[in-house]
Every structure is written in structure tokens, then in C-alpha cells.
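These are the residues of each chain, in order.
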Amino acid sequence: AGLFVWRLRNTGVPQIPCQFVHHYRVANNRLITFQYFNFLKRMYVTQCNKDLSQRAKPKSDSVVSPFQELQQLDQEKKAVHKISPVSPVHQSGSETSNRNKLREMRSAAETEDSVIPVGAESKEDRQWKEMKLQLEDLPGILARLSKIKLTALVVSTTSTGFAMAPVPFELSCFLLASLGTGLASCAANSINQYFEVPFDSNMNRTKNRPLVRGQISPLLAICFAASCGIPGIALLTLGVNPLTGALGAFNIFLYTCCYTPLKRMSIANTWVGAVVGAIPPMMGWTAATGSLDAGALLLGGILYSWQFPHFNALSWGLREDYSRGGYCMMSVTHPGLCRRVALRHCLALIGLSTVAPVLNITTWTFPIISLPINLYISYLGFRFYRDADRSSSRKLFFCSLWHLPMLLLVMFTCKKSVLEKEDKGDLPGGSHETAMEIRLP
Amino acid sequence: PPAHSHSDWIGPPDKHSNLRPVIFYVPPEESALERRLREARQEAQASNQRFWARHNRAFRQEKEEFIYSRLKAKGLEMRDESGQKATLNAEEMADFYKDFLSKNLKKHLQYNRDWYKRNFRITFLMGQVALVRACDW
Chain A
1 AGLFVWRLRN TGVPQIPCQF VHHYRVANNR LITFQYFNFL KRMYVTQCNK DLSQRAKPKS
61 DSVVSPFQEL QQLDQEKKAV HKISPVSPVH QSGSETSNRN KLREMRSAAE TEDSVIPVGA
121 ESKEDRQWKE MKLQLEDLPG ILARLSKIKL TALVVSTTST GFAMAPVPFE LSCFLLASLG
181 TGLASCAANS INQYFEVPFD SNMNRTKNRP LVRGQISPLL AICFAASCGI PGIALLTLGV
241 NPLTGALGAF NIFLYTCCYT PLKRMSIANT WVGAVVGAIP PMMGWTAATG SLDAGALLLG
301 GILYSWQFPH FNALSWGLRE DYSRGGYCMM SVTHPGLCRR VALRHCLALI GLSTVAPVLN
361 ITTWTFPIIS LPINLYISYL GFRFYRDADR SSSRKLFFCS LWHLPMLLLV MFTCKKSVLE
421 KEDKGDLPGG SHETAMEIRL P
Chain B
1 PPAHSHSDWI GPPDKHSNLR PVIFYVPPEE SALERRLREA RQEAQASNQR FWARHNRAFR
61 QEKEEFIYSR LKAKGLEMRD ESGQKATLNA EEMADFYKDF LSKNLKKHLQ YNRDWYKRNF
121 RITFLMGQVA LVRACDW
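The listed protein sequences derive, respectively, from chains A and B.
Numbering of the first sequence is given in UniProt numbering, commencing with residue 1 and proceeding in unit increments.
Numbering of the second sequence is given in UniProt numbering, commencing with residue 1 and proceeding in unit increments.
Worth flagging that the hints you see were computed from the coordinates, not collected in a lab.
Ideal placement from N, C-alpha and C gives every residue a C-beta, glycine not left out.
One thing to keep in mind: the hints can contain errors.
Here are the simulated DSSO-like cross-link-like pairs (lysine-lysine), alpha carbons at most 27 Å apart as the crow flies [stated by the list, open to error]:
1. 207/A <-> 72/B
2. 395/A <-> 207/A
3. 63/B <-> 207/A
4. 117/B <-> 132/A
5. 106/B <-> 147/A
6. 132/A <-> 15/B
7. 98/B <-> 207/A
8. 98/B <-> 395/A
9. 63/B <-> 107/B
10. 15/B <-> 123/A
11. 207/A <-> 106/B
A few chain B residues that don't get close to chain A, going by computed Cβ distances all over 10 Å [what the hints assert, rightly or not]:
12. 33
13. 43
14. 61
15. 69
16. 71
17. 74
18. 130
19. 132
20. 134
21. 135
Assemble the whole structure, with the sequences as input and the hints as a guide.
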């Protein structure tokens with residue numbers, strides 16, 4: 001949902017640049033200090049005699065026409081726009097529910113008095129939102145703050161790790177591990193957004209995040225992060241096992257205190273980020289088995305290697321934004337390395353798939369069945385390496401999106417089952433029916 | 001923002017800095033702590049605005065210069081016969097992006113430090129204000 005809920009049709013109104021002009025005080029009962037913005041091409045008009053009143057419409061309203069009529073009027077007249085005295089309840093903090101917002105400028109305080117194409121001003125005015133949190137918007141805001149979709153994917157890799165572990169399946173443990181990991185991921189993502197507000201504002205991909213838009217205060221973001229992270233880690237440590245809890249806490253630390261600052265300092269951030277992605281499946285494994293054995297490392301390794309073709313291909317198209325935003329990414333600073341690493345890790349995936357049966361995690365069917373998709377992504381990786389253009393990077397990126405879920409699915413179906421050896425409690429490759437989550441990055 | 005409003009108001013992204021300006025509400029009985037918070041936020045806003053407006057302007061300018069010099073080296077004009085603005089493809093621009101990033105790295109490191117410090121301070125003050133308000137209930 002864009003900020004520009006109302007678009008002036010056939011406006012020909014270009015984007016209005018703003019500049020700070022000066023402070024001034026409105027002699028009111030209250031002291032209101034504010035900076036207001038002078039539009040380069042347009043100035044405010046204050047005429048008290050004519051005014052148009054519009055009410056802010058509550059979210060449920062989808063009526064368009066009255067406003068549009070007014071719009072037509074706007075374009076012809078100079079007018080002072082006045083917000084009718086509605087209680088703050090009507091003025092929702094959520095930007096999707098703010099349909100019309102208009103402002104009154106006192107003529108006494110006004111120093112500019114030239115004409116402006118009023119339609120433009122009201123459009124600009126409408127984009128000003130009250131920074132007041134409405135409870136009904138909170139779930140949506142928190143969902144975006146915690147990057148809920150990404151969190152869901154992270155949880156599904158954790159579930160995969162749990163599922164692949166060679167121990168009898170315990171539902172309660174599974175649920176606790178998933179929940180704990182989900183909470184930890186929410187916390188980490190929130191803190192990441194908290195740190196990155198001015199940078200997110202400047203990049204197209206991220207400029208609509210809640211903190212950027214002022215929908216939530218930084219304090220609240222931090223409190224939310226704490227109220228997810230602390231119970232999440234506690235849940236993992238106490239409800240699952242300390243190792244999983246430690247991994248969760250470590251991952252939060254790695255993501256927020258290492259990866260996030262490192263993004264602006266050195267290209268090493270990509271490798272750190274790959275580790276961050278690799279830890280959740282390992283957490284799933286340790287939740288099930290209680291130890292970090294070879295299987296955990298293998299799963300982690302697969303996720304680790306997968307990050308590179310995925311991210312490097314994605315970052316290839318974002319070079320301008322990264323460069324301007326000050327992000328140190330391989331695609332900008334070391335393009336050759338970027339492509340080499342992507343290809344290298346595509347090939348590594350083939351290798352890792354072959355190691356899986358050696359470690360008794362899967363049968364030998366797995367490397368055989370997975371070979372076609374691994375070869376395909378490696379082929380695309382090679383094309384990206386050689387061609388280094390937008391089309392090959394996009395192909396590789398989109399391939400990575402389905403490649404991982406497929407790979408994990410095949411892995412699960414080829415999982416080694418050891419029903420027979422009941423005399424020992426947990427042999428590697430013990431059987432269990434576990435649900436395989438498909439990860440869709 | 002309307003005269004009767006008791007909250008801060010946030011506006012659309014600024015054209016130069018891409019940051020959204022905030023107009024801060026000054027309550028009539030603003031405590032010293034609240035004033036410190038508001039001033040910290042205003043100062044941070046001004047500082048961010050300055051940095052990014054300047055930085056983005058420099059980026060646009062240098063990008064234009066780069067395109068111009070490259071086109072000239074190729075013997076082309078900024079606009080071709082049909083009047084369309086000539087552009088370089090992504091691979092040619094990559095040199096510029098790399099260059100720009102490395103030139104500005106130090107500036108960014110300094111800004112990052114400042115930003116993190118300010119952000120923490122503001123959040124801390126917010127926490128204090130919230131605590132005081134809660135105690136007043």
C-alpha cells in the first residue's frame with residue numbers, strides 16, 4: 001500500500017521537493033514549534049475566507065467520489081484547507097486509513113502568500129500522518145517489523161533440521177523449538193530494522209518499513225524485540241535444551257551485532273550472513289538430538305552454501321542502491337569475486353548432497369535424485385559467472401527460490417530410516433515420521 | 001499538522017534525503033527530560049537530513065559527470081538524435097558504483113558511529129520519559 005492513497009488523475013504534478021525554511025511560532029494557547037516545508041515550486045496560500053473542509057475518513061470507508069469532486073475544485077481554487085475538528089480517534093496513525101488530511105495555516109503567521117496549484121498542496125498535506133499508534137494497526141506493523149514471512153521461512157528450516165534428525169519424533173519438542181526460533185527471529189529482525197532506519201529510507205526495497213514510516217517508535221520496536229527475544233531464548237533453553245538456546249542467542253547476536261553493522265563496513269558481511277542462515281536448521285537438529293553432530297553441520301552447510309547464489313544474484317541488481325546507501329557488498333566492490341563465490345557454492349551443494357549418505361543421513365538415492373537440480377543451479381551459476389548481466393543474475397536468483405525447497409524435500413524423502421536397530425536408542429539414521437517443511441525463501 | 005493535535009506528525013520522504021521529516025509536538029508542560037528528548041530527536045533529524053541530502057546530491061552529480069565523461073570518451077553526446085538521454089548500461093555503471101562506494105566509505109563509517117550513538121541516546125531518553133510517565137499514573 002503506497003503512501004499516495006489518492007492520486008491526482010492526469011495531474012502532471014511533478015514530485016514536490018521540500019526544503020526546510022524556518023521555525024516559527026503560532027501564537028496559540030499552546031506553543032507549537034514546528035519546521036515547515038517550503039515547496040520549491042509551490043507555496044502555501046492562506047486565505048481565510050475560502051476554505052474547504054474535509055474530514056479524515058475512517059479506515060472502513062472506501063468511498064472515493066466526494067473527495068475526487070473536491071479535488072477538481074482544488075485544482076482551480078486557491079484555498080485554505082482546514083481539518084475539521086475531529087477527535088484524534090478519526091485520525092488514524094495508519095497510513096492506509098488516512099484518506100484525506102488537510103492543514104490550516106494561520107494567515108497571521110504566514111509570510112508567503114503566493115498562489116499554489118492547490119491540488120498539489122493538498123496531496124502533499126495528505127501525506128502527513130499523525131504519529132499516533134492505533135491499536136488495530138499494531139499487528140500489521142509488528143508483522144512487518146519482525147519480517148514475519150522471513151521468520152516463517154526460518155522456522156521452516158528449523159523444522160527441517162528437526163525432521164532430519166535421527167531420533168524419534170517428539171511433537172512437543174518440535175513445537176517448542178519452532179516457536180522459540182520464531183520468536184528469536186522476530187527479535188533479531190526488529191533490532192535490525194531499528195538500526196537501519198536512515199539506510200532503509202534510502203533504498204527502494206526497504207523504504208516502506210514501519211520505523212521508516214514512523215508508524216512505531218524506536219522504543220516500542222526495542223521493547224517488542226526484547227519481549228520476543230527473551231521469552232524465545234528462554235523457551236529454547238529451558239523448554240528444549242541449553243544448546244539450542246545458546247545457538248539461538250548466538251544467532252541473534254550474530255545477526256544484529258555482527259552482520260548488521262558489518263554490512264556497512266566490509267564485504268565479509270555476506271559470509272556472516274550465510275552463517276546466520278545456516279544456524280536455524282542446526283538448531284532444529286540440536287533441539288531433536290541435543291548435540292551438534294555431523295548431520296547438523298551438513299544441514300547447516302547446505303543452507304550456508306545456498307545463501308551465496310541466492311544473495312549474490314539478488315545483489316547484482318541492487319548495485320546502485322547499495323553504492324549510494326553505503327553498503328559494502330561484493331556485487332559492488334568485487335564483482336568478479338561475487339560471481340565466483342556464487343558459482344563455487346552452487347558446486348559445493350553438489351558435494352554436500354553427496355556427503356549426506358556418507359553420514360547416514362540419507363540414502364544414496366539423494367545425491368542421485370538431487371543431481372539434476374544441483375546441476376541446473378550450477379549451470380545458471382556458471383552463466384552468471386560468465387555473462388555477469390542482469391538476466392543471468394535474475395535467472396539464478398529465481399532458481400534459488402525453488403531449488404532449496406526441492407532439495408530439502410528430496411532430502412527428506414530420501415531420509416535414511418533405521419527401524420530395525422531397536423536395541424540402541426538413537427542410532428544415526430533412526431526412523432521417524434516427521435513433517436518436512438518446504439522452505440520458500 | 002492541525003493546531004489541536006497532541007502528537008508528532010510525520011511527512012512524506014524528502015526529495016533530497018529520502019528521510020521523512022517529523023514535526024514535533026511541544027506540550028505546554030514539557031518537562032526538562034521531555035525537552036531533552038525532543039531536542040535530541042530534532043538534532044538527529046537535522047543532522048541526518050544534512051548528511052543524506054548532501055550525499056545523495058553528490059551521488060547524482062557524480063553519476064552525471066561519470067556518464068558524461070564516458071559518453072564523451074565513446075564519442076557520443078548526452079542526448080542522441082531523437083533527444084533521448086543517453087545512458088550507460090549496468091556494467092559500465094558498475095565502475096562508478098564501486099568507485100563511489102570506496103570514496104565514501106570513511107564518511108559512512110563516521111556517520112554510522114554518529115547514527116548509532118544518537119539512536120541509542122534517543123531510545124534511552126524515550127525509555128526514561130516513558131518510565132516517568134508511567135510512574136506519574
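Hints and how they fare:
1. Among the hinted pairs, residue 207/A with residue 72/B is inconsistent with the structure: their alpha-carbon atoms are about 35 Å apart, more than 27 Å.
2. With a CA separation close to 25 Å, the supplied pair residue 395/A and residue 207/A stays within the 27 Å bound.
3. Restraint check: the Cα-Cα separation between residue 63/B and residue 207/A comes to about 22 Å, which is no more than 27 Å; the hinted pair holds.
4. Between the alpha carbons of residue 117/B and residue 132/A the distance comes to roughly 25 Å, so the proposed pair stays at or under 27 Å and holds.
5. Restraint check for residue 106/B and residue 147/A: not satisfied, since their Cα atoms lie roughly 30 Å apart, outside the 27 Å limit.
6. Of the supplied pair hints, the one linking residue 132/A and residue 15/B holds, its CA atoms being roughly 24 Å apart against a limit of 27 Å.
7. Proximity of residue 98/B to residue 207/A is assessed by CA-CA distance (about 23 Å); at most 27 Å being required, the pair is judged to hold.
8. Restraint check for residue 98/B and residue 395/A: the C-alpha separation of about 24 Å stays at or below 27 Å, so the hint holds.
9. Taking the CA atoms of residue 63/B and residue 107/B, the gap is near 18 Å; set against the 27 Å cutoff, the hint holds.
10. Of the supplied pair hints, the one linking residue 15/B and residue 123/A holds, its CA atoms being roughly 15 Å apart against a limit of 27 Å.
11. In summary, the hint linking residue 207/A to residue 106/B is supported, as the alpha carbons are separated by about 24 Å, within the 27 Å threshold.
12. At roughly 14 Å, the least C-beta separation between residue 33/B and chain A is larger than 10 Å, which holds for a residue marked as non-interface.
13. Residue-level check passed: residue 43/B sits 12 Å from the nearest beta carbon of chain A, beyond 10 Å.
14. Against chain A, the non-interface label of residue 61/B holds: every CB pair exceeds 10 Å, the least being about 12 Å.
15. Listed as a non-interface residue, residue 69/B keeps its Cβ farther than 10 Å from every Cβ of chain A; the least gap is roughly 17 Å.
16. Under the 10 Å C-beta cut-off, the non-interface status given to residue 71/B relative to chain A holds; the minimum distance is some 18 Å.
17. Listed as a non-interface residue, residue 74/B keeps its Cβ farther than 10 Å from every Cβ of chain A; the least gap is roughly 19 Å.
18. Taking the minimum C-beta to C-beta distance to chain A, about 6 Å, the non-interface status of residue 130/B is violated against the 10 Å cut.
19. Against chain A, the non-interface label of residue 132/B holds: every CB pair exceeds 10 Å, the least being about 13 Å.
20. At roughly 12 Å, the least C-beta separation between residue 134/B and chain A is larger than 10 Å, which holds for a residue marked as non-interface.
21. Non-interface status of residue 135/B relative to chain A is upheld: no Cβ of that chain comes within 10 Å, the nearest being about 16 Å off.
In this structure, the earlier hints numbered 1, 5, 18 are contradicted, and the remaining ones agree with it.
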